Amino acid sequence: MPDWKLSARAPLDGHERNIGTVAVAEVTDLALVSAAVPRGGDEAFAAALAGGFGATRPVTGDSTLGNRHAARVLGMQPDQVFILFAPPDPDRPAGTVAAALASAAYVTDQSDSWVILRMTGAGVRTALERICPLDLDDRVFPLHRVARTAMEHLSVIVLRDGADSFLLMSPRSSARSFRHAVELSLEHVSE
Amino acid sequence: MSGPFRLDGGAIERGRTLAFRFDGRRLTGRPGDTLASALLANGVRLVARSFKYHRPRGVFSAGSEEPNALVELRSGAYREPNTRATVAELFDGLEATSQNYLGSLRHDLLAVNDLLAPFLSAGFYYKTFMWPRSFWERVYEPAIRASAGLGRLSGEADPDSYDKGFLHCDLLIVGAGPAGLAAALEAGRSGARVILADEDFLMGGRLNAESHEVNGRPGAAWAADAVRELASVHSVRLMPRTTVIGAYDHGVYGALERRTDHLAAARGKPRQILWRLYTRRAILCAGASERPIAFGGNDRPGIMLAGAVRAYANRFAVGTGRRVGVFTNNDDGWRTAGDLSAKGVPIAAVIDVRDGEPAAAVADARIRMNSRVVTTWGRHGLRGITLATGERIALDCLAVAGGWNPNVHLTCHHGGRPVWRDAIASFVPGDRLPGGMSVAGAADGCLTTAGALADGHRAAVAALGELGLAAAAGEPPVASDEATGAASFWHVRESRGRAWLDLQNDVTVKDVELAHREGFRSVELLKRYTTLGMATDQGRTANVLALAIMAGLTGRTIQETGTTAFRPPYTPVPIAAFAGRSRGKDFRPTRLTPSHDWAEGQGAVFVDAGMWLRAQWFPRSGETHWRQSVDREVTDTRGSVGICDVTTLGKIDIQGRDAAEFLNRIYANGFAKLAVGKVRYGLMLREDGIAYDDGTTARLAEHHFVMTTTTANAVLVFRNMEFARQCLWPGLDVHLISVTEQWAQYAVAGPNSRRLLEKIVDPEHDISNEAFPFMACAEISVCGGTPARLFRISFSGELAYELAVAARYGEALMEVLLAAGEEFDAVAYGTEALGVMRIEKGHAAGNELNGQTTARMLGMQRMVSKRKDCIGNVLSERPEMNRDDGMELMGFKPLGSGDELTAGAHLLALDAPADTVNDEGWISSVAYSPTLETSIGLGFVRQGHARIGETLRAWDALQGSDVRVEIVSPHFHDPDGELLRA
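Taken in order, these protein sequences are the chains called A and B. Everything in the first sequence is counted per my numbering, starting at -1 for the first residue and increasing by one. Everything in the second sequence is counted per my numbering, starting at 1079 for the first residue and increasing by one.
If you're looking for bench data, these hints aren't it; they were derived computationally from the structure. This structure is a prediction, so every number in the text was calculated from the model and none was measured. Note that beta-carbon positions come from the ideal geometry of N, C-alpha and C, so glycine has one too.
Each computed DSSO-like pair below joins lysine-lysine, with the alpha-carbon atoms no more than 30 Å apart:
1) Lys1588/B <-> Lys1205/B
2) Lys3/A <-> Lys1837/B
3) Lys3/A <-> Lys1756/B
4) Lys1946/B <-> Lys1751/B
5) Lys1242/B <-> Lys1347/B
6) Lys1130/B <-> Lys1588/B
Listed next, the stretches of chain A that the computed footprint assigns to chain B, with coverage defined by at least 3 CB atoms under 8 Å from CB atoms of chain B:
7) 5 to 17
8) 99 to 112
9) 145 to 153
For reference, chain A alone in the conformation it holds in the complex:
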């Protein structure tokens, strides 16, 4: 038996901060796995998603909630969803998804590819106006909507998970730059 154990480190070490009316918190307890739909396998995929996670397949730009592992399924592109869920084994989230979907999808672990920040509070959209090109108005970007965009040269996935709450995912390697961009925006608009 080897003498060494590896300890995990989150991209921002579980960072949390309140600025003005908005709380910024790194989300570290969710896994993110992509599932690509085999060509011609849409029906099988929808069935597997319903069976494995109790979720309907979202269209691109939308997300649905499943009834297993608190899974939220994000429609990312016509043949791909991301599944955001509480993993039973944090080291093997792709295994969990692969077991649930069997051969109906090609799965790839993305949990360590993204830093996830949740921004919550009145004023969150005012801050995001400074870096987010997307229209986050209620009528255009309602609850559970998801989209890819770019903020300060960084790729970002935006998921609205509350009236004043957004999950923002951005590549892990630039997590500190991303945090800075988000927090600077909040500092710029806070009273």
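Starting from the known structure of chain A, fit chain B onto it as the hints suggest.
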């Protein structure tokens, strides 16, 4: 007390006093004042010197069109030159200084230029500084530059912060005058998402400056009520202090919002925000700008636009003189006299160029119909005027009303040209508007208050209809239609003195006449020859006047004469606002590998690789030169084992039933038959057959591959593969996703690498040479169950592996590898040692895959499989790319001991002159090889393999190097590959 010229009424706050300084003099104003209105209230008339002749100048307008009153605001690093006093909102503690003089504002030594004016006509520089030619750069230009320009930059970094942002709306309304407010009320009541932007800090436009009534109430009060109502509507965003600067494609507008310019200190908040406005429809309600009349001496302080005189009286409660005269070609002049009389300002005279009856009675004023002002007097400020009849009238302010020019600028930003409308003697927007834009109110030539209100309302109803929104069915506000009778009168021909057109650039009627005589008759040439319409005001008070005069000289109509093109920005925008927050380390993001903090703790020296920071080497105590660290890292790795962070390599997860076939088409070499559990080196070609990236791809399962790319090309390769997947071969079942960020990956290289890995790889995984040979790969676990991927590949030429774990474990793995490797004296090595070892091994990298080289040049022609098709295959067969005397990748060694090679050196025959004709190739990569104890290099030379042993010159003029080199095999180290298979 806020000045001897203060009147009653107005939109200023009388309960508070603001102290400010102008040229060091302490003065006071009121909240609601601009710097210009506060100066006028204090009787300060001389505020600036003109650009060219250093003529005394005063406030001319009351808005962003101001050509004269340019000042420097604030001090030290905060100093901002060329700020228009007419739009600078007064705050307590404001420091302003006049600019563009030598000595003092009152006694400007450079005013000598004015005496030299006869010699300084249009085109003066072009005509005068012709010879001697050598004087231009050393004498003339420095002298001209020293006296040119207006304000001074601080020369320090801008201490303010700036930001950018994105806003979205159904309807953008540009301008909050009567038309804009009427449009916003209608749109706001309908529930549309509206942005109402106005460059002023007080919304209302001319309603604040005139004495008109709306819905039976004073216009300013109605405007305030309208703004209050709009502020309460959730879907309406009011943006005062915001100038819409440009109309861009697809309904996108640019806007500059001044957030803290009106505050004494920004308190850490961005001073200005450059917004990108995404709109579905836009209504331009930008109003109109008044124009003067050209007559002799029409530039003295005290000569102002009549509309500005009314604005100062009605809005700012400032009398612009003790005895005010009016010179007009339209009914606005009479309204000026009426408004001022009502405020108790004595009117000395009204001079109307038109014949007929006076439009109104003005108490105690001399009324002169069909009359003209021919000249003026007063050195530092107006003291009187002389009429064409010779009559002299003493006065200290002359309000000039020459008619109104609709602010059509934004309508022209997509190439549209305005058209002339005789009825108002002005240009109005043409037919070619930017998509989604309509125009209302004075900007559309509708010059009465009642007309503007109705027009704004109409435009909003129309826009809402186009948006599919139901209008609120409200009635437009009502006002009386004031008289707007006007004459086309531009220039008092009897004037013998200089009659100014462009006050900012000191362009006179005579300059236009000179341009005409010398053939510069097109408006574009007129502008460039005379500088008319350039600089901060872009000729907003000058252009039409000059066009009219040019039209008169050429006998063409003004429409035929045309206008110059209006381009963004509408008003000047600080460069800092375009930069926004992208300064210093905020210029771009930084990418860090999972073990970055660990490397930093080791004192690693980092290098930028794109956005990545990569450790170049890890200095140890006692090492004083980078070469010592790098040599040690190479020697220790080749001697025992070294570990290098290779996380930055691009990694792409490829899955699907057709994944193998897909790779077969992407790579030049075959991948279809790669066995599961094996890795293969692959080379990618561009469509034109040039090699562009290389890497390894591992087959983890029948339908599952993972590719690595170079760090530099990670995004490009992914993008190209997505293009191939979606557009070239959409029928294939293949799916791509980047896993670059997912995996922390470390090269473990050296003869003891296997022994080191055996200490941390979980025992159920056999990594012996037999079970896990060269180019094997497997999904394994390490350190008691942590999932990992192991690849037996070597960039160094040693027995070597790459080990990948989830990024969260990267830092821990680096520490564990070094701890477990302690018994082998394991070292961390950086990108320099990595580079040295790959050059020793003869592996091509970015310097060799430079966009000019082919597989054949790289010695990989046999890899380009002819049994299958792949991207670049066909064009790689072009004859020029397959010449027998083509370039070949070779190794090079200096002949002289101690000689060093330089990358970029050209290869020449020993006795050949150094020119392109004799160029035989180049050195692409160099290193000092601690293994061979000499400088070595890789490079390309014609027919290299046939010339091994030959001596050439490596000549590098850039780095001043010229050494003799021997052509050798590119594989300096272990050419037979025995080590990596051990």
